[in-house]
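Engineer: Residue numbers (my numbering), protein chains in the order written: chain A, 1 to 87; chain B, 1001 to 1467.
There may be inaccurate statements among the hints.
Claimed, not checked - Covered by chain A, per the in silico footprint, the following chain B stretches (three or more residues, Cβ under 8 angstroms):
1) 1306-1319
2) 1327-1333
3) 1341-1354
4) 1371-1382
Please keep in mind that the hints were generated in silico from the structure rather than gathered at the bench. Note that CB positions come from ideal geometry on N, CA and C, so glycine has one too.
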Amino acid sequence: MSKIMTVDILSSIKGAKPSESVNKLFDVIKNANKNTALNTVHTNAVTLDDLREDVVIDSPQMEKQIIIANFPKEKNGYLVVSKVIEE
Amino acid sequence: MMESQIHKIHQQLVNKEISCTKLVQERLDLLKLNTHNTVNSLLDTLALASAAKVDAKIESGQEIGLLEGIPFGIKDVYMVQGTYTTASSDLLKKYKSPYTATAIQKLFAAGAIPLVKENCDSFGHGSSSENTIFGAVKNANNPNLVGGGSSGGSAVNVAKDYTVFSIGGDTGGSVRQPAGYNNVYGFKPTYGRISRFGLMAYASSTDCVGPIAKSIEDIRIVLNAMSGKDIKDQTTYPSETILAATISNTDAIKTVGYFKNFIENDAIDAKVKSDFLATIEKIKAKGIQVKELDFFASDTLVATYYTLAMAETASNLSRLDGTNYGNRIEGASLKDTYSITRSENFSEETKRRVVGGNQVLSQGFSDEIYLKGLSVRDQIAANFEKDFHQVDIILSPVTPSSPPKIGDSLKDPLAMYLSDAYTVGFSLGQLPTLTVPQGTETGLQITAAKNNDALVLKFANFLKDTI
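Next up, chain B with everything else stripped away, as it sits in the complex:
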């Protein structure tokens, strides 16, 4: 039997070794008492009512689905009807979702039970989960270090077993990096595989819904449940269910590549580098051909990503003006009301990004920065396409170094942006990429060509047995 929390709990429920109500109540208690600042709000009423229904079903001898009764967490940027959806911001501190996000609705339909809206960087703006009104998220392994971000609360909840799995959001690494920082699995699927409807928009061209869990099998189960075309997000595409058997046969992978310049530079921690290269040797020893690949300089990747992400977030967040919802602060005129509301309610980091976005979108600057950024992105995508003619998988570290201490990232935004060097490229390429908690202190990223999500999971299974 392969390792899987979901299968294990499912069996316990079916065998009546534990009631769903007890299971849910235990996890709610853990969340309530936890000191890692992972919780924005608990969904206890909803969770316990759902658990009672599952128990009644089991009691009456009916079959339950694999995800039925499984408790999970939701990053506080997803709409869940009737619950607070704050994006960890003052502006939306009292905002209630009128509807439910498609990805979350699909999990509800499968019977999974939501426990918590999870702490994160405000509007996804950050790599440490310190940019939040609910207090900095503390790392699962060492509470003096950051939980990573922006889906920090989600990764810590999974790592500490407060939730069986959690749903994060990944725009430039926001699922993969916190997964790496807390030693769990975190998957950013191919862009468009899972509907973004009901996910609060940060940068729409790279926003992805992503599961965080403790095993490859659990990632597979949750990914399948959320995938599929959705009329409410026209960038979605139909995809086939990934079968457990498909990803357990690891013979198909013949060649693996890695970016030479990610490893041969001054910014990478010596230990991360030597651990990564040791992993490469182990892969070679299994008879897989390993190729060194050329790629764009890290600062070019980071600059391209942030230029485009800031432009998109400036546009997406322009709707947050206190007119129809949010914490409106009245001024002398409508314009005044807009600007006071936004000045008082946005964090420093969010303001920095909105201003940056408006800078590059304004006349006189857009050609040499924004349009240039779009063109560099095309070159990056073309480079990936060329690479995947040569290799099946690209392997990278998740981050150049270990998680920073709480407080350090806020002091130096540029350093924080640059720490995203290894994750943002795959976002710009819209490629499926999985963080596995192996290989380096903050894990490894496995990337395949677009729509090849199954191959990523297959290689993860291989790596699990190899290193």
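Just chain A, same shape as in the assembly:
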């Protein structure tokens, strides 16, 4: 994407601006020494044998009820969503 997006758009927060306190922390990182000799290989992946089974698990009725109750808006038995972006 070539368009430059400001942090308020990226964060979906109206009028948001970078903070001075936080920028001071980022300056520390920019100036930190980088040890190029270190080449860590991360093995965070789960092994194939360890993957959970590829099955659909139906939520209990209670869970479904609470999810519906948490929905912000309801009208005539339907859950109301906000207007969809048209651009």
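Go by the hints and put chain B onto chain A.
Structural biologist: Just chain B now, with coordinates in the frame of chain A:
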């Protein structure tokens, strides 16, 4: 008999010296009347119903488990089915958990009784428990001071005996620091020892479930009950139960290290420094070898932690847009609805972190900040690995100074970030670290190598008898 609230109450229940209903009702009353702002919501109906079942079981002559009937508290970032889970935020003020977190479910299975969802910094964003819609948590020892954070309500509840133990969450020190500020035990286990499923995500790569209690034995009991591999959190690993006998024999510890630069600097309070060094002398006097270690500068640790934590929280909190749950505020379009909902419902501190995270994740900035931060984290982890070839335990203060007055931290976020200097490194290293209420005004941290949680508890037992 070793010191333990859980064992003591268990005996009282078994001997019918107190009924579980009376025990639970007394604690609920204390919580309800308390002026430290520790309570987001009381779980009284659930708690009293569970207590009645325990009483019926005892009455009919059945045996009860050690945790059965023991009242505890839950930081308000854990899902407990059907209860409000607000993360102390406006956005989720009326949100009800559809399911229960694995760690909490395991405690329920063991029969422990939940009393309260506890006040904390909103989404874990803070070190003082002032960033909350429920009022600043007041310190257990001096109500003019902060309770610490982000698990402030949990630590104060334990310190005041409102709960027997509480379950906090620790991302950069959020269990250890409030434990230190209120003089109780608080444990951040090795990352992955306890499932994060159902813990509201702040920074997923360092988020840990952690017990807060008044004794090492109670920490051990609760830790064992919550540990274990969980298919719903694939970063979990299987672990062995830590036996009381294993951690009572303290002979195995031969060498202890501490970071010279944590102690030799201008930021540390003179009293904390002299108390810490006095502790080191007492340990030496017991014939343990003490080594001074080199470590990263405090500002580098804090900057690395916050860079990564902000990036992760910006990503984790992007789901909170009012679409499917939360306090949606309608705008002209969907995008508008998102941004009004988030602007109106997030606190200043949460916005600061989300914006910071999006800054470092955006093109043009990610290489020199975010990726650099990841690389520094690798160096920190490598440094720990090297250290634990030389020493069994690393000992540190919990905080550079005593708890601030209520109101001070909100004025100066940078000072608050820097006050986390001693806790964040161990989070980045994913190491087991326990705060003990000894040694300095805000306690000491005991750290061991990854998966060596038992050694941490063992050294805590040694320290308890030594200083």
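Engineer: Next step is simple, just say for each hint if it's right about the structure.
Structural biologist: The hints, checked one at a time:
Coverage of a stretch by a chain is defined here by at least three residues with a beta carbon nearer than 8 angstroms to that chain's beta carbons; for the stretch 1306-1319 of chain B and chain A the count is 5, and the condition holds. Coverage of the stretch 1327-1333 of chain B by chain A holds in this model, with 6 residues showing a Cβ closer than 8 angstroms to a Cβ of that chain against a need of three. Proximity of the stretch 1341-1354 of chain B to chain A, defined as three or more residues with a beta carbon under 8 angstroms from a beta carbon of that chain, is established by the 7 residues found. Note: the stretch 1371-1382 of chain B has 8 residues with beta-carbon separation from chain A under 8 angstroms; the three-residue rule is met and the coverage holds.
Hint violations for this structure: none, all hints satisfied.
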